[in-house]
Structure formats: structure tokens, C-alpha cells
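Using the sequences plus the hints, can you model the full thing?
Top line first, the protein sequences correspond to chains A and B. Mapped onto my numbering, the consecutive letters of the first sequence carry residue numbers 1 to 428. Mapped onto my numbering, the consecutive letters of the second sequence carry residue numbers 1 to 401.
Hints are not guaranteed to be accurate.
[As the list claims (entries may be wrong)] To spell it out: a stretch of chain A is covered by chain B in this simulated footprint if at least three of its residues, at any positions, have a beta carbon under 8 Å from a beta carbon of chain B; those stretches are:
{"id": "1", "region": "12-26"}
{"id": "2", "region": "189-197"}
{"id": "3", "region": "330-337"}
[To be verified] Chain A side only, calculated, beta carbon under 8 Å to chain B, not exhaustive:
{"id": "4", "residue": "THR358"}
{"id": "5", "residue": "ARG385"}
{"id": "6", "residue": "ALA387"}
For the record, the hints were derived by calculation from the structure and aren't laboratory data. In this text, a Cβ means the ideal position worked out from N, Cα and C, and glycines have one as well.
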Amino acid sequence: MSKLPLTGIRVIDHGIVYTGTAATTLLADMGAEVIRVEPINILPPFTRGMMARPPKGIPMPGYVDSDPGERPWDRWFQLHAMQHNKYDITLDLSQPKGVEIYKRIAKISDVVLENFAPGVMDRMGIGYEDLKAVKPDIILISASGLGAVGPYKNYAAVGTSLSGMTGMMSLRGYPGDDPTIRTVMPVWSDNVAATTAAFAAIAALYMRRKTGKGQFIDMSQAETFLPHMGEVIVDYTMNGRVAQVMGNRDQTMAPQGCYPCRGEDQWVTLSISTDRQWEGLCRAMGNPPWTKEERFGSVLGRLSNQDDLDKNIGEWTKQQDHYEVMHLLQKEGVPAGPVLTCTEIFSDPHLEARGYFTELTHREAGTHRYPGNAFQFSKTPMSIRMAPPCLGEHNDYIYGELLGMTKAEIEALKAENLIGDAYLPEVF
Amino acid sequence: MEEALSDVKVLDLTHYIAGPYCTRVLADYGAEVIKVEKPGCGDATRRMGPFLGDEVHPEKSGFFLHLNTNKKGITLNLKTKSGVAIFKELLKRTDILVESFAPRVMPSLGLDYETLSKLNPKLVMTSISNFGQTGPYRDYKATEITLFAMGPHMYGEGSPGREPLKYPGHKSQYLAGSHAATATLGAFFSSSINGEGQQVDVSVIESLSAPPEGAGTLMSTAFTGLDQQRIGHRREGFYPWGVYPVKDGFILIYGIVPAFWPRILKWMGREDLLQDERFNTPFAKIMHHADFDAILLPWLLERTRTEAVETAQAQRIPVTPVYTIDEVVKDPQYNARNIFQEVAHPVMGKVLCPGLPFSMPEAPKKPQRAAPLLGEHNREIYGRLGYRDGDLVKLRERGII
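Next comes the structure, spelled out in C-alpha cells:
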């Protein structure tokens, strides 16, 4: 079997929260050797929990079986969602010696990928110029919220902030709702920024092969996401129209919506774009008399009578199982899909048949099924080669094998609290 | 100075959203993307709004323009033997093929990966589909809402007692397009060294469950057994977090990180509340969030959005405006970075579109090229294969181009 596409590329993962962390996982999945560098003198938010040592004896959501255990930072769900296939080392970059060691790793790396606020890497002494001084063709991808130049470069902006500033939140709701009730999590833009940051790294690597030069890419997470809002942006720039909340409806397809099904809080979605699909839906419902009404007989008629359509369709779906509605309508060539809970996704027959999930036993978290990627390669199949790493799990390997430190030197780093496999006792 | 992918040749058999967005990203970084459309009607997105001046016209779709900038366009009828033969000639001169037909279509045309890889062993063939190239739902029909429903996001989106909500627009398809671009470039990165191509199977629904967001939601359930809940912004244990009203609009407050709590009280000039046992620790305020909202809401309603955002940002609290789409286009930060680019189109004139997802300092700054008119580059591209103007007339008469 051929090697994975990015075999031989070494990446330093300095991601926080989602964007940088998931971008480097994508590179790792494609074969890059990714070294994640983490502090032990502070707890970075989200990826290893919200507290270093949460209270014991009460159920804590987010941990395996709601139990933080002895090593909470290795049992937190967000670690397990997006950190596999990486080496994990710890290093205190607030100490000059930590910075010096970081540069030794940078010297033998191809890419550094981070998503701190602009200026943070510079202040730690590992900005682009510092890295370039030790590795002239280094590629630095900095995926901050709004970018490193511009009037708002110093804005404190997380994913939630970007959903406001990209216009996403102005459209994310029920028609006519009070915007203050809108859901803010998940934030979505991280999905896009992470995927795009991985693209940027590969594009820069390809360019480096041709020119011999690295580069610093000042990426704005908001900008990676704005093209995904393209059609409403262009409608404004061309026609001056400001998009409004559509909920589950569409400009040209009707009926379209989310309908209640048998069972508690079960739902199915469907969309009708043609007369033929409409006839298919009617047949599947057993051609009840209301479907013969003239006002539902044409595309325009259906578009202007959606409330009544939805009510009637809902009366039918209420008697049905949500998966059954999908299969029934698909037989008629009608697009339909059930609204799935996570439990249902984990047992969906299609994903199962495609081998989407991998069962994995983790040292601290036990046995669980882990989701895969958006894509599969035919000749170099990706897999979870390494479980999500425990904090500092690969200190001995990276400092010893890769940097050539002696056991005594590594022990000294531990004694000086530069590295370790647990947060320092004073960390909250 | 060259663009990153200026020596990369892409043959683009995609239509609708996910596929065209994938190849648009490749074109954005310099790849020569040749978009192949069906003679006569072209990509279905040419018939999707918004249209310039609401005039439904195949060369006036703003949606098509946005998804197809920087590409070249030819027409070719793949349902004719001659069309397939010409396609194979083009394929020998390409590095990457991206297609987004229903999975049964390419094999039915005799254009499956096995056949194509014999003609061009280094070929990377990316196939983008709703459910992937295999599996029991492979041939199921889908739209944005039915796909989004089958990922982990919809069930938890919305309010208690109401129906689940899809996200606005076409977020699933764009996300799959972004993943497809990254996967394609990854596969090409190695095929360009070792000459070994492969097929990349991209599934829209699988992009929804992938890291970070989808996988995060799924692993939460895997660890705790608890499914998503429609609880709007009122997430237990996280406060304050959500959309808040101000005098002239709305803001987003992200205040859940413990370190932000004293900053929030300072922002409001209410550091005295640190003495109040309802609010004196990050835990206490979570327990008494309704009491705190009763203080926060009237205070916010006395302030404009700009005042609220600027004073909060001065305290390093992530408080930002909720922009409507017109405000997005006018935002000073985006404009300082030239994120919106004017595209000059022969029929539509100048249209401001979202530009590149990111800029590369080692690449030249070039104006965006407009999306191709239907068959605009037939002469140039078929000319490379040796066809003369007279040949093209015959091919046109036979309905092949």
C-alpha cells in the first residue's frame, strides 16, 4: 500500500479550542506527523475541559460516564472528538528555556499552525520572524478570528462572535422570532476555518516545493466563512436585498420543512421542487382528498399556501416513523431525511455500511466509537492510527528520540515544571 | 511570482454547490479549472437565484457567478460517444478531475475511476455526492434540509417545544465543498511526486459528523449517553452566552470563560457585585443567571450597539455586533482586508463578491476573473486538442458541444 499523502511532513499544532486543533488533525489523518504542544501551567479552554480538576463526587457532563476520574484532561469529550493521530508534548513557553526548546522542534518542522489572537505568538517569542530565523522556509498559518491586520485586529473574537459578524446569526432562527432565543452552539465557522487552514498548509507546502520559500499566512476565520454566505451577500451587492430569516423554508421549493413523527420528539424533513415529486409525495401519503385541492396543484400554489400544506403533511407524518417516511418517500423519488439524534447517527445503517465509525479503546477513556472524516481515499485509506493523546504522552519520544535529549535531561525538564503529564497543582 | 497552484490542471464536471465550491477554491489559488457543462442549459445553478435585477437568465445568476469565478468554461455532451472520446482526450492532460454526479452516472458513461486511471495513472479523481459512492442510501435524493437533518446539528437547533431548524443557506454543501478541496489537494500533493493518483470519495452527510463541530457533538453523546437538546442559548453551566438586545440592535456576548467574569462586571461598572454572593464567583453567577439578566438587560438597552461592543472590547470581552447582511458588506475590518472583490462580468457588469478565503503573501494579487459564459472557452480549450473552428461548427451542429 502506498504511503498516506502527507507522509514525511512535520507539523507543530499550536491550536486552541477548535479551528487550529481540528485543522492539524486533518493533516495528521492525511499522514503528516503532527506534534501538539500544550502548556501545563495553564488549562487551555475546551480541548481538555473547562477546569483542570473539576469537583469529584458529582456528575460532570462532558467526561466519560460524567466522571472526571483521576486524569480529567484525558477524559474530556472535546479531546476525543478531534485529537487523534497526533503526538502530544507539554512545554511551558513562559520560561525562556521552553521557547528555546520550541525552536529546536520548529527547526525540524515544515508547518506551524496556530489560531491565537494576533500578536500572541510574537509575545511568546515564537512569531514568524523568530521561527524563520531558525527554519528559513517555515510555513506559519495563523488563523485568528478576524485576521492580524485591519481596524478590528485586536478584537476579542471567538467562533460565537464570528457568527454575528458574518451575518449567520441574523438568519439563524424561526421566521418572526425574538433573536435573543437563538441557538449559539455549535458555532459552525470553526468547521470551515479548520478545513480551510488545512488547505492553506498543503497549498503553501506545494508552493514551497516549487520556490523553496515558506510563508506566513494571516488567515481570518471570518473570511474563510464569508464565501459560504456567498449567495445572500451577492443578492445584497447586486440587488440591495437584505436576506431575512427563512427557518426551514426555501425560496422556490414547497412544501419544505420539518414535520413531527410518531414517538417523542421525532421529526422528518422533506423538500418538493417539481410537480412529479409532489405527485410522489401524494401517492406515499395515500392520496388523501386535501391533496386534490386546486391551490396545491402547482408550484406557485404550493409556495403561497405553505402553512396549510405543512399542517396537512404534519397530520400524516405524525402517524409514521421518521426513518420509514424517508424510505417511503425515497421510493417515490422524493428527497426526505429523518432528523437524527447522535444515538441514531451512531447506529445508522448507511454510515455503518461505509465503515464511518471506528471502535477504539483509550487508556483513560475506555472503549467508544469515533466518527470519521468527510472523505475517504481509495488507495491510501485513512484510519485512527493513534488514539487521542493523553497530556504529555509523547514527551519521552519527542524530546528523547526526535530532539536527542538524554533521560537525565528530560528528567530535569520535568523537575523544572517545563514538561509533565498533569497540570501543575495550582492550575484552576 | 506565481500562484500556489498555477501549474495544476483541473477538469471540473461538477454542478450545483458543493462541487463548484471545491473547484472554485482550487481556481482561487491559481489552478486552471476547466468547467465542463451540458450544451444548451449548463449547470443548474445558472437557473438559481439571486439573479441580477431578478431577471431569470442563464448568464445573470449571482449564485453561479459566486461559485464559478476564476474558471474557464466549455460545453460537452457526455451522453454521446464522440463527447466521451473528446473528454478522454482532455483527461489525459489533466491532474485532477472533480465530479459531483449521482454515483451511478460516471460508471454508466464508462468514466469510472478504474477506466480513467488507465488513461492517466497520476489522476486524482474527486467524487462529491450526498451520501458517498457506496452504502444503502447511495442513490437517495436529497436537498440541503434533508442532508442537514441527518447530521448531528439539526436535532439540537431551535427552541424547546418547537421543531428542529436547519441552518440558513446551504451550509452542508459548502462545508462538503471545503472538505473536498482540502482532500483533493492532499491527494494531489502526493500524486504530483510519485505519479500515483487515486479516487477521493466525499460525502456531504459525513462532512457534517466530522471534526470539529460534528464530532464534538457526537463524542459528547458517546461519553455521557445524552443526546442533543433544543434548549436555545440556555445551555446549562454556560453563562452568559447568547444574543442580547441593545438600544439599536443586537449583540453577541461570549462570557462563559471564568476569567471573563470580573471583566464583565468592570465593563458594566458593577464591580460592587463581586461582593454579592449571588455573583461573587463564576459558579455563583451560573446559578443566578436570571437575577443577573435582570441587571444586565436594562443596562444594555440604554446603550447603542457600538457603545456596548467598544466598551466590552476595551475590557477584552468577546462582545460583537449581530450584523445584518448589508452590515457585513460594509464592515470596516473586511474592507480593510479587501475581502470583497469586484468581478467584471460581460453580461452582468461589475458585481461585488466574497473573494478568496485567505491570501497568500507569496502569490501575486490578481483581479478575480468572472465565471465563464456557457461555452466561453470552447475555442481555446478544444483548440489545444487540435480542433479547428470548422470542426467546432460540426461538433456544435451534432449537439456535442
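Tested hints:
Counting residues of the region 12-26 of chain A whose CB lies closer than 8 Å to any CB of chain B gives 6, so the stated coverage by that chain holds, three being the minimum. Judged by the Cβ-Cβ criterion of 8 Å, the region 189-197 of chain A is covered by chain B as claimed, because 6 of its residues qualify and three suffice. By the rule of at least three residues with a Cβ nearer than 8 Å to a Cβ of chain B, the coverage given for the region 330-337 of chain A holds, with 6 such residues. About 12 Å separates the beta-carbon of A:THR358 from the nearest beta-carbon of chain B, more than 8 Å, and the hint is not met.
At about 15 Å, the closest approach between the beta carbon of A:ARG385 and any beta carbon in chain B exceeds 8 Å, and the interface hint on this residue is violated. Taking 8 Å as the C-beta cut-off, the interface hint given for A:ALA387 is violated, the closest approach to chain B being about 13 Å.
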